[in-house]
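Peer 1: Protein sequences appear in the order of chains V and A.
For what it's worth, my numbering labels the leading residue of the first sequence as 1, then goes sequentially.
For what it's worth, my numbering labels the leading residue of the second sequence as 1001, then goes sequentially.
For the record, the hints were derived by calculation from the structure and aren't laboratory data.
Ideal placement from N, C-alpha and C gives every residue a C-beta, glycine not left out.
One or more of the hints may lead you astray.
Only part of the chain A face toward chain V is listed, based on derived beta-carbon distances under 10 Å [said to hold, decoys possible]:
1) Asp1146
2) Pro1163
3) Ser1169
4) Trp1178
5) Cys1226
6) Leu1228
7) Leu1296
8) Phe1298
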Amino acid sequence: MTSLPELYPGFERRVFAVDGARIHTRIGGSGPPLLLLHGYPQTHACWHKVAPELARRHTLIIPDLRGYGDSTVVAADAGTDAYAKRVMARDFVAVMQALGHERFGILCHDRGGRVGYRLALDHPDRVRSLVTLDIVTTLDAWDDIAVDNAVGRFHWMFLARPAPFPETMIGHDRMFFLDYLLSQWTGTKDLSAFDPGALAHYRAAFSRPEVVHATCEDYRAGATIDPRIDAEDRAAGRKIEAPMLALWGGTRKHGFVNRPLDTWRPWCPHVRGEPVECGHFLPEEAPDATLALVMPFLAETLRTG
Amino acid sequence: MIDPGAELFPGFVGRRMHVEDVEIFVRIGGEGPALLLLHGYPQSHVMWHRVAAEFASRFTVVAADLRGYGQSSCPPTDMAHRTYSKRVMAADMISIMHQLGQVRFSLMGHDRGARVAYRLALDHPDAVERLVLLDIISTYDQWHADNQKSRLRMFHWGFLAQPAPLPESLIRRSPVDWVDGPFRRATKAKSIDVIDPRALALYREAFKDSDHVHATCEDYRAGATCDLADDVADLNAGHQIECPTLFLWGTHGTPSDIDDPMALWRRWCRHLEGATVDSGHFIAEENPAALLAQALPFLLATSDVHP
Chain V
1 MTSLPELYPG FERRVFAVDG ARIHTRIGGS GPPLLLLHGY PQTHACWHKV APELARRHTL
61 IIPDLRGYGD STVVAADAGT DAYAKRVMAR DFVAVMQALG HERFGILCHD RGGRVGYRLA
121 LDHPDRVRSL VTLDIVTTLD AWDDIAVDNA VGRFHWMFLA RPAPFPETMI GHDRMFFLDY
181 LLSQWTGTKD LSAFDPGALA HYRAAFSRPE VVHATCEDYR AGATIDPRID AEDRAAGRKI
241 EAPMLALWGG TRKHGFVNRP LDTWRPWCPH VRGEPVECGH FLPEEAPDAT LALVMPFLAE
301 TLRTG
Chain A
1001 MIDPGAELFP GFVGRRMHVE DVEIFVRIGG EGPALLLLHG YPQSHVMWHR VAAEFASRFT
1061 VVAADLRGYG QSSCPPTDMA HRTYSKRVMA ADMISIMHQL GQVRFSLMGH DRGARVAYRL
1121 ALDHPDAVER LVLLDIISTY DQWHADNQKS RLRMFHWGFL AQPAPLPESL IRRSPVDWVD
1181 GPFRRATKAK SIDVIDPRAL ALYREAFKDS DHVHATCEDY RAGATCDLAD DVADLNAGHQ
1241 IECPTLFLWG THGTPSDIDD PMALWRRWCR HLEGATVDSG HFIAEENPAA LLAQALPFLL
1301 ATSDVHP
């Protein structure tokens, strides 16, 4: 890991022991705290293009989700529930608490986005501002898997199959699988959006069988406990209280992204948002356009004092 | 040319037939009215080996390998996946049955072969005397199944329909694991032991060939595109399967996740009967006696709905 390109020069590297996991983070910048949560099949590296600008106004805490990158699940017998978004959200409450950040903003993408909205629902007093990139809730996403997007979202079913089946299949050629997903989900259907340094991080993580297993567990939780918890919240009428901005990739054709605000509104009546002209990976495909929407929203919602 | 699998069908003959440039392998045996048997994924006509002799005592049995499977050839694919559509596969079967002098026949299909079978019955209503569908709901209904369990079980539909060469690349690295997977997951016993080792060896062998791996992925790409479109067109047009149809599904089979699979088929079939069989997905190999007990009387019954 030490030989990987430095994508966050000047940022501290800290590891936090939380309940059941060791969370690797990069920390830098100054201003109100902002937690950046990456998605699949990536690592904390995905924020490197937007971090310098964000760091001018915010203290950035940039972790790897448990099981991803350099963050590990400690318990050897940890089952799928150890990858529940509720559990992952607790990781970051603990990390932020350890850093003395009682309240903070969250900018989150993909799987990290699921952790981010879960944190906002479970710990409303912690979250001052929530920005989600290219997601709707896990429950809504399952409800929305339909004939026009089931092929596009095959990995939700594939990765959720019992171990070790997807692990074995992916294990036959991990780099091919990684590169395929990364390119398939961009607007340009290739790897051109990804910085070679960031790709080196993604490939280094994905080359480790334990990371591939953990990411499958993430999706198994996403097929079982995560939507169950979402359904409980929906039934109880729980809402996201924090100011919320939902952005999504405008070139994506997958069902829900054509109407994400309608899908978010029952969870967060005051949600705002719009598409960014790119595929799934907003912070890497369209960092400037993403910043142009995220910075004013954070300035407005994370004002000090 | 060697004919692997011949030993599993004593008294049957293997024939390589041609539909334009496509070679279709068939195994033929028995006497009586014609009965065409169509296998599923990841298999070949060999899957019928435990019931073929019994059917052959009453019927002229024609057990075919679908294009892209078993000993049949793998024609080059096209961007629209039409080459491996169920409509084109059904046309293959019409052609070989005509070449065999059979213009009207009964038809039993399992899994992908059942999709070819119901498509054949819709596209060529005059050709089909009686139809038996094993352990599927229609392609349209499966894609529209609003059921988490069924979706997870059918993960391979999305996986195999990914653009080439994703599934091909992963399957080619370990064809044996891949072929064994459905038997481990989808048999009632959750065990590969219910499959005859000689049959299993043949299923595995076919998937060691890259062309067959690609062709069978194309079958599923067609399933996600043109097959689905063909189903939608028939539903919109109100087309139905005219012949008597028997739908059998495993108590632990694919449609068992669905609340009322009979109701789904009723929309497609004018004359439908149905029953469950104590089995997983691979009925013909898991519980051949129950399949024969259900299917033989149905196939032997005299049609009262046709002139």
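Peer 1: Failing hints, ascending?
Peer 2: 5, 7 and 8
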